[in-house]
Amino acid sequence: AVKLTYDTFKEIGFKDDQIKKKSFDFLDFYSTTLMKLIMTLNLTFNLKEIIYFLIVEDNS
1 AVKLTYDTFK EIGFKDDQIK KKSFDFLDFY STTLMKLIMT LNLTFNLKEI
51 IYFLIVEDNS
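No gaps in the numbering here: position 23 of the sequence shown is 23 in the working numbering, and each next residue is one more.
Just so you know, the hints here were simulated from the structure itself, not pulled from any lab data. Check each hint, because a few of them may be wrong.
What the hints assert, rightly or not - Quick list of in silico lysine-lysine cross-link-like pairs, BS3-like style, CA-CA up to 30 Å:
hint : residue 1 : residue 2
1    : K22       : K3
2    : K48       : K36
3    : K3        : K20
4    : K3        : K15
5    : K10       : K22
6    : K10       : K21
7    : K10       : K20
8    : K21       : K3
What the hints assert, rightly or not - Derived CB-CB ranges, DEER-like:
hint : residue 1 : residue 2 : range
9    : F45       : V2        : 34 to 42 Å
10   : K22       : N42       : 34 to 42 Å
11   : L34       : E11       : 29 to 37 Å
12   : V2        : L54       : 47 to 55 Å
13   : L4        : N42       : 27 to 35 Å
14   : I12       : I51       : 55 to 63 Å
15   : K48       : T5        : 41 to 49 Å
16   : V56       : T33       : 29 to 37 Å
17   : Y6        : T33       : 26 to 34 Å
18   : S23       : L43       : 34 to 42 Å
19   : M35       : G13       : 34 to 42 Å
20   : F9        : I51       : 50 to 58 Å
Only a predicted model underlies this, so the values are computations on that prediction, with no experimental measurement involved. For every residue, glycine included, the Cβ atom is placed at its ideal position computed from N, Cα and C.
Starting from the given sequences, assemble the full structure and let the hints guide the process.
Set out below in structure tokens:
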């Protein structure tokens, strides 16, 4: 992604000394936390559905 951005800036006319690169540390804290939240909600919903259908089918 950094190389693509660098090449794009060169294509639109920026000189090498005008483009400043910084080191980039990717933290996947938010993406993994979001995935855990979605999986927990999905599991909870599925568990409620299973319990609901077991109770409804049992009473029929």
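Evaluation of the provided hints:
Restraint check for K22 and K3: satisfied, since their Cα atoms lie roughly 12 Å apart, inside the 30 Å limit. Using a Cα cut-off of 30 Å, the hinted pair K48 and K36 holds, with the two alpha carbons roughly 18 Å apart. Between the alpha carbons of K3 and K20 the distance comes to roughly 12 Å, so the proposed pair stays at or under 30 Å and holds. At roughly 15 Å between alpha-carbon atoms, K3 and K15 fall within 30 Å of each other, so this suggested pair holds.
Pair hint K10 plus K22 holds up; C-alpha atoms about 16 Å apart against a cutoff of 30 Å. A hinted pair counts as satisfied when its Cα atoms are at most 30 Å apart, and K10 with K21 qualifies at roughly 13 Å. About 12 Å separates the Cα atoms of K10 and K20, which keeps this hinted pair within 30 Å; it holds. A hinted pair counts as satisfied when its Cα atoms are at most 30 Å apart, and K21 with K3 qualifies at roughly 10 Å.
Between F45 and V2 the CB atoms are about 39 Å apart, so this pair conforms to the stated range of 34 to 42 Å. Judged by the Cβ atoms, the range 34 to 42 Å given for K22 and N42 holds: they are separated by roughly 37 Å. A hinted range of 29 to 37 Å holds for the C-beta pair L34 and E11, which are about 34 Å apart. The given range of 47 to 55 Å is respected by V2 and L54, whose C-beta atoms sit roughly 53 Å from each other.
In this structure the hint that L4 and N42 lie 27 to 35 Å apart at CB holds, the actual value being about 34 Å. Take I12 and I51: their Cβ atoms lie about 58 Å apart, and the range 55 to 63 Å holds. Separation of K48 from T5 is about 45 Å and conforms to the stated range, judged on CB atoms against 41 to 49 Å. The hinted window of 29 to 37 Å between V56 and T33 holds, with their beta carbons roughly 35 Å apart.
A hinted range of 26 to 34 Å holds for the C-beta pair Y6 and T33, which are about 30 Å apart. One distance hint, 34 to 42 Å for the beta-carbon pair S23 and L43, holds here, with the actual separation near 38 Å. Between M35 and G13, the C-beta spacing of about 40 Å keeps the proposed range 34 to 42 Å intact. Between F9 and I51 the C-beta distance comes to about 56 Å, which sits within the given range of 50 to 58 Å.
Hint violations for this structure: none, all hints satisfied.
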